[in-house]
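Student: What follows is the residue order along each chain.
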Amino acid sequence: MSGFRDNFVNNFIDDQRWRYIWDGLGVTLQVTFFALILGVILGFLLAVIRATYDKTGKLKVLNFISQLYITIIRGTPVVVQLLIIFFVIFGSVNISKIIVAILAFGFNSSAYVAEIVRSGIMSIDKGQFEAGRSLGFNYVQTMIYIILPQAFKNILPALGNEFIVLLKETSVSGYIALQDLTRGGDIIRSRTYNAFMPLIAVALIYLTMVLIFTKLVNMLERRLRNSEH
Amino acid sequence: MSTNQNTLFRVENLRKEFGKGFFALDGITEEFHKGEVVVIIGPSGSGKSTFLRSLNLLEIPTEGKIYFEGVDITDSKVDINIHRQKMGMVFQHFNLFPHMTILKNLCIAPMKLQNKSKEEAEENAMKLLKRVGLEGRANDFPSQLSGGQKQRIAIVRSLAMNPDVMLFDEPTSALDPEMVGEVLELMKDLAKDGMTMVVVTHEMGFAKEVANRILFIDKGQVIEQNQPKEFFENPQNSRLKEFLSKIL
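So the sequences go chain by chain: A and B. No gaps in the numbering here: position 72 of the first sequence is 72 in our numbering, and each next residue is one more. No gaps in the numbering here: position 42 of the second sequence is 1042 in our numbering, and each next residue is one more.
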């Protein structure tokens, strides 16, 4: 038991090594939060473009661009995208690694969010759309007031899932030497030559965040369901 | 053809092509007047619903013109959304907004499109709900209502915009038989108040009792039209005779 205690002190207390974990957690949360916002906004936009094309045949060019974007993003690994954004796109610019990570994970997530939202829009009965239009709402108003709120409720589980994936995917931020949670744990490992403790601690923190997040999504889902019976 | 003051809709040579060479509407020219109740009947696939749905451009006609209150709404420069506010539409499957309470269903369009205040819109909505005897359901959601109740709500949702005409697309076809009556009663009530109505329906009793005029549409054309009595007692066209013999 004293071995465990010494180990713990060595890995987390000595030299304030817990700070690698703590600061890394802050970075992970920042990147996840802003990437999520970017992914959702961009994803909804892409989805509306794609769904508009599917429904009406309009926005042909924008739809083509969106489809190309989604295909490329979904067809390549997120690590490669992260490296390209860091070393190629911003290669000669001095830019914060956090912002690079936010952009990379946000763009990546947007492609998946787009397809989730599009499927949600397409799942809403055509009659809802017609009812909105027949009252005099234009296309965008019908989307905002009538279609998207219903679609959002239907896709909430899938969106929640995507956000969990996003949170965990940010663990590859270390590839551009960004000190996120995973990298923080790994730095401790390299200092103490003890892999078990820091890495298990990191894993437990991810697990806890995912559990909390799942709980929040479930609560939101239940609330939306209650408001409809 | 001159449009007189009383003409609400004038339709000229309306054609709608679905796929190559199939015309769901094949040259319809027709007028509807203020205060008129016109019932449209015809076999399934005859184009009667397509015709009704093209009146507010839910179906975009391939050829022909539609004048609503003197304005050619088939002109692409016309903002159809403004004109749709004056045309209520009632659907076979109600199409209430399931994520909103009944009250919100009635208030959203007047608030967002006519800039009514919340109080004003709700006051008007409650009046309409009282009219259909559903004021107690204001805070319920559509899924808590029966089919007949839903359709009555759908009708007053359209009325909340204070339209000049109401279009009904088989409003009782999706209802259980015992609920048809309550919806037809409300429609009769509207007709009595002078609302202009264009109704696609299979309810011949309603057509006989309420319609000023009945149109028989088949293969995308108006084959015959008349006042109800003549229409049912003295049909001329053989296809209409055959149709009536099947349903009466």
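For the record, the hints were derived by calculation from the structure and aren't laboratory data. Beta carbons are placed, not taken as given, at the ideal position from N, Cα and C, and that holds for glycine. Keep in mind that the hints are not guaranteed to be accurate.
Unchecked claim - Using 20 angstroms as the maximum straight-line C-alpha spacing, the simulated DMTMM-like pairs for lysine to aspartate or glutamate come out as follows:
1. A:Lys58 to B:Glu1185
2. B:Lys1020 to B:Glu1063
3. A:Lys58 to B:Glu1123
4. A:Lys126 to B:Glu1059
5. B:Lys1086 to A:Glu130
6. B:Lys1086 to B:Glu1063
7. B:Lys1034 to B:Glu1063
8. A:Lys153 to B:Asp1140
9. B:Lys1130 to B:Glu1182
10. A:Lys55 to B:Asp1072
11. B:Lys1219 to B:Glu1170
12. A:Lys58 to B:Glu1182
13. B:Lys1020 to B:Glu1030
14. B:Lys1104 to B:Asp1079
15. A:Lys126 to B:Glu1170
16. B:Lys1208 to B:Glu1182
17. B:Lys1188 to B:Glu1170
18. B:Lys1104 to A:Glu130
19. B:Lys1188 to B:Glu1224
20. A:Lys55 to B:Glu1059
21. B:Lys1112 to A:Glu130
22. B:Lys1219 to B:Glu1209
As the list claims (entries may be wrong) - Listed below are several chain A residues computed to face chain B (Cβ distance under 7 angstroms; list not exhaustive):
23. Gly3
24. Ser123
25. Leu135
26. Ile146
27. Pro149
Student: When the hints from earlier in the document are held up against this structure, which numbers fail?
Tutor: 1, 3, 6, 7, 10, 12, 13, 14, 19, 22, 23, 24
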